[in-house]
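Asker: For reference, the chains in residue letters:
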Amino acid sequence: MRVRERIKPFGSEKPQPVKGELIIIEDRCKGCGFCVEYCPNDVLIVSDKFNSKGYHPPEVVHEENCRYCGFCQLVCPDFAIFSIEEKAVESKSNTA
Amino acid sequence: MEAIITQQEAKRHPMDNLLRMDRMPHIWCPGCGIGNAVSAFADALDKLEYNLDKLCVVSGIGCTGRVAGYIKVDSFHTTHGRAIPFATGIKLGNPDIKVVVISGDGDLVSIGGNHFVHAARRNIDLTVICVNNFIYAMTGGQVAPTTPTPAYTTTSPFGNFENPSNVPQLAEAAGAVYVARWTALHMRRLTYSIVDALKKPGFSVVEVISPCAMYYSRINKLGDGLDMMKFYYDHSIIKHGEPTDHLEIDYQKEIIVGKFVDRERPTYSESMGKWFED
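Just so you know, the sequences run in chain order D and U. Sequential numbering from 19 applies to the first sequence in the numbering used here. Sequential numbering from 81 applies to the second sequence in the numbering used here.
The set of hints was computed from the structure by calculation and includes no laboratory data. Note that the coordinates shown come from a computational prediction; the quantities given were computed from them, not determined experimentally. A couple of the hints might just be wrong.
As the list claims (entries may be wrong) - With a straight-line Cα cutoff of 30 Å, these simulated DSS-like cross-link-like pairs (lysine-lysine) come out:
1. Lys37(D) x Lys127(U)
2. Lys105(D) x Lys127(U)
3. Lys37(D) x Lys319(U)
To be verified - Now the in silico label distances, taken between C-beta atoms and shown as ranges:
4. Pro94(U) x Glu81(D): 17 to 25 Å
5. Lys301(U) x Glu39(D): 16 to 24 Å
6. Arg345(U) x His80(D): 44 to 52 Å
7. Glu350(U) x Glu39(D): 41 to 49 Å
8. His80(D) x Tyr130(U): 50 to 58 Å
9. Pro346(U) x Glu103(D): 20 to 28 Å
10. Asp307(U) x His80(D): 47 to 55 Å
11. Asp60(D) x Asp126(U): 37 to 45 Å
12. Val36(D) x Glu328(U): 37 to 45 Å
13. Phe68(D) x Thr234(U): 28 to 36 Å
14. Asp60(D) x Ile318(U): 48 to 56 Å
15. Asp325(U) x Asn83(D): 41 to 49 Å
16. Asp66(D) x Arg298(U): 20 to 28 Å
17. Arg345(U) x Glu82(D): 50 to 58 Å
Here a beta-carbon is modelled for each residue, glycine too, at the ideal position from N, C-alpha and C.
With the rest of the complex left out, here is chain D (with noise of 0.2 Å):
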């Protein structure tokens, strides 16, 4: 076998991908925009509904580029978008 295949360098397993979830309260929205400018994987989009004051509130469009880094959460001026990252359980790589 093998040097390159034997040894990995950033441990035995896969990195898996990230989970969560991305939360919108839409009725909280007051339609600023700050979500869907300045999220850095233009997950949201600005939907064409509306609320129940009459703004438009944000749309999630591509979930699977999502990183539920929460910058969209601290962002929003009106605390209605959040996101949570369900933690990875730890492997146990590498320390065996």
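We have chain D; now place chain U onto it with these hints.
Answerer: Structure of chain U alone, referenced to chain D:
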């Protein structure tokens, strides 16, 4: 049943235990940056894991004065400009309580300017978060001491010719031990700056440049809150340790942000304890 409750609890906003969510939606306009400052403050409290029974938030009058009503800790909504005197009293009466003043530029620098200077001179152990939106927004867009020179407001219809005050320079000259400035877009840096300011004993000032979408940018035809945020993104320059006399904000020019002052001085309580010991 329990599983459903935990599922619902998992979907609560992470700041639910720090903010009075029953009062939401708040009164701030769409595109206003004060919510970002509150968000950063709540996130900083979350990071510090601070005991919320040992914390008091004081705010004055104005748009930013409403912050005290939205934070779920002991809070005071005081008279105009007198947030720092109230906070001083709370701090001297209860020295183990951490007191935070969140207020606007008109409240802290103009009407409460004298209190700001003397609290910094005495170095009372307060954390001041000054949300600067360049205008008196709640009262209808009057000219503020931080309004940049040619900007139009309702009380300067030919343009403002007064020289604006420079909050970091004022704070440093008066004797503050920690001075930083960020815009409402630098959320993570702002959060860590508030964490540092809360940890620092003494008078610490964090200035938050915030867009005012309804008055400042509407009268000056600068677009909405998002356009102001894009302007901050393009024109803010991070320069840590910049001398504070370089930090004047000109109209639609570059905004220097960063941490400018971090020094040690004996606080008021320490000086008082030492005086009575001798």
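Asker: None of the hints should be skipped; say for each whether it holds.
Answerer: Quick rundown of the hints versus the structure:
In summary, the hint linking Lys37(D) to Lys127(U) is supported, as the alpha carbons are separated by about 22 Å, within the 30 Å threshold. Between Lys105(D) and Lys127(U) the CA atoms are separated by roughly 17 Å; this keeps the pair inside 30 Å, and the hint holds. Restraint check: the Cα-Cα separation between Lys37(D) and Lys319(U) comes to about 37 Å, which exceeds 30 Å; the hinted pair is violated. Here the CB-CB span from Pro94(U) to Glu81(D) is close to 19 Å, well matched to the stated 17 to 25 Å.
A C-beta distance of roughly 41 Å is found between Lys301(U) and Glu39(D), which places it outside the suggested range of 16 to 24 Å. Against the hinted window of 44 to 52 Å, the Cβ-Cβ separation of Arg345(U) and His80(D) comes to about 51 Å, which satisfies the hint. Between Glu350(U) and Glu39(D) the beta carbon distance is about 48 Å. The supplied range of 41 to 49 Å therefore holds. Checked against the hint of 50 to 58 Å, the C-beta distance between His80(D) and Tyr130(U) comes to roughly 37 Å, which is inconsistent with it.
Under the hint 20 to 28 Å, the C-beta atoms of Pro346(U) and Glu103(D), about 43 Å apart, miss the expected range. Judged by the Cβ atoms, the range 47 to 55 Å given for Asp307(U) and His80(D) is violated: they are separated by roughly 25 Å. Between Asp60(D) and Asp126(U), the C-beta spacing of about 27 Å breaks the proposed range 37 to 45 Å. A hinted range of 37 to 45 Å for the beta carbons of Val36(D) and Glu328(U) is consistent with their spacing of about 43 Å.
At roughly 32 Å, the beta-carbon separation of Phe68(D) and Thr234(U) lies within the given 28 to 36 Å, and the hint holds. For Asp60(D) paired with Ile318(U), a C-beta distance near 25 Å fails the hint of 48 to 56 Å. A hinted range of 41 to 49 Å holds for the C-beta pair Asp325(U) and Asn83(D), which are about 45 Å apart. In this structure the supplied range 20 to 28 Å holds for Asp66(D) paired with Arg298(U), their Cβ-Cβ distance being about 26 Å.
In this structure, Arg345(U) and Glu82(D) meet the distance hint of 50 to 58 Å, their C-beta atoms being roughly 52 Å apart.
Hints 3, 5, 8, 9, 10, 11, 14 from the list above are not met by this structure, while the remaining hints are.
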